[in-house]
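Peer 1: Whole structure, please, built from the sequences with the hints as guidance.
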Amino acid sequence: MLIVDAQIHIWKGHKPTNPNHRQIADYTADDVLKEMDEGGVNAAVIHPPGWDPSSNALAVEAARQHPNRLAILANFPLDRPESRSAIDGLKGKPGMLGLRFALLQPHQQTWLTDGSLDWLWAAAERAGMPIALLGPGLLQVIGKIAERHPGLKLIIDHFGRPDAAWSNLPDLVAAAKHRNVALKATGAPSYSAQPYPYRDIHGHIRKLYDAFGPDRMFWGTDITRMPCSWKQCVTMFTEELPWLTARDKELIMGRALCSWLGWSRGWGPAGRGAPLNKERGHETDSARPLRPA
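In terms of the numbering used here, the sequence shown opens at residue 12 and continues consecutively.
Read the hints as simulated data drawn from the structure, not as lab findings.
Careful: at least some of the hints might be erroneous.
[As the list claims (entries may be wrong)] Dumping the calculated DSS-like pairs for lysine-lysine here, alpha-carbon to alpha-carbon at most 30 Å: (1) 45 / 102; (2) 45 / 260; (3) 104 / 23; (4) 242 / 260; (5) 26 / 104; (6) 218 / 188; (7) 45 / 242; (8) 242 / 218; (9) 218 / 102; (10) 242 / 26; (11) 102 / 23; (12) 45 / 23; (13) 155 / 102; (14) 260 / 218; (15) 188 / 155; (16) 242 / 23; (17) 155 / 218; (18) 45 / 104; (19) 260 / 188; (20) 45 / 26.
[Stated by the list, open to error] Derived DEER-like restraints, expressed as beta-carbon distance ranges: (21) 87 / 125: 15 to 25 Å; (22) 68 / 240: 27 to 37 Å; (23) 181 / 68: 33 to 43 Å.
From the three backbone atoms N, C-alpha and C, an ideal C-beta is built for every residue, glycine too.
Peer 2: Here it is, written out as structure tokens:
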């Protein structure tokens, strides 16, 4: 089975400002690949973190060196005029599959509703670049964005960042009716109040599986803030959710994400796995092979 993590961070020379992440100055591509091998993970999508100002460049170099294992959802400052041309500049960079923005700072929290990002949706739709999003109020507006831009692929991050009661479930389920909206099932162990296998959240995951289906539900970890090993993050889905079929697992654990992002080279070292656009009906005209190192 191809295992592709939908979200990781790498950084160098800066400790995370988010205290939930490992408080270390460096977590590089070499570090992450070693842990991926130990955990049985073939490939991963890097989300350059805000605490390292050089994280985009670090990610590009990692994807250039390891094109079959690492790809990128990039970001840039959304409130700078020069950023309006940034998408065109990113498209040709190694491993660049889309964009990701976490709108969590106080000054960003009106951007989803006040028109500040209307240019972004249009530009990304024209460029064919999916966007992953996280932020307060996202679930209330993502349907409108999806309707206005039917050619734009949108991804809700981290189960929509649920609270302890998962009170956002109705809004998440409602968002699933838009076929250009997908869900990143990332960081699941961190939303549980129990030890492995985190049974208290299995029912919530089932409801979201029923709503989005395996083609629009993407497993991942955000590993540097997980309370468990990478292997346990994998087996929680592959061994502990008995209602997932073998085909469901193939899709959720990697193939659906690669199809959504157009990553046709997402298999592991030494030739493990197979080209994504040759199996299970996942042939896609939008698949873009990553540039070789």
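Peer 1: Evaluate each hint against the coordinates.
Peer 2: Tested hints:
1. 45 / 102: Holds, at about 28 Å.
2. 45 / 260: Cα-Cα ~24 Å, so holds.
3. 104 / 23: Given that 30 Å is the threshold and the Cα spacing comes to 20 Å, the pair holds.
4. 242 / 260: Measuring from Cα to Cα gives roughly 15 Å; hence the hint holds.
5. 26 / 104: Measuring from Cα to Cα gives roughly 26 Å; hence the hint holds.
6. 218 / 188: Judged against 30 Å, a Cα distance of about 13 Å means the pair holds.
7. 45 / 242: holds (13 Å)
8. 242 / 218: At roughly 24 Å apart (the allowed maximum being 30 Å), residue 218 and residue 242 satisfy the hint.
9. 218 / 102: Roughly 35 Å separates the two Cα atoms, so the pair is violated.
10. 242 / 26: holds (25 Å)
11. 102 / 23: Holds - the C-alpha atoms of residue 23 and residue 102 are around 24 Å apart, at most 30 Å.
12. 45 / 23: holds (16 Å)
13. 155 / 102: Holds, at roughly 26 Å.
14. 260 / 218: It holds: about 16 Å lies between the C-alpha atoms, which stays within 30 Å.
15. 188 / 155: Measuring from Cα to Cα gives roughly 12 Å; hence the hint holds.
16. 242 / 23: holds (24 Å)
17. 155 / 218: Answer holds: residue 155 to residue 218 is near 22 Å, not above 30 Å.
18. 45 / 104: holds (24 Å)
19. 260 / 188: holds (22 Å)
20. 45 / 26: Distance of about 20 Å is within 30 Å: holds.
21. 87 / 125: 15 to 25 Å: holds (19 Å)
22. 68 / 240: 27 to 37 Å: holds (29 Å)
23. 181 / 68: 33 to 43 Å: For residue 68 against residue 181, whose Cβ atoms are near 41 Å apart, the range 33 to 43 Å holds.
Figure legend: structure checked against the earlier numbered hints; the only hint not met is number 9.
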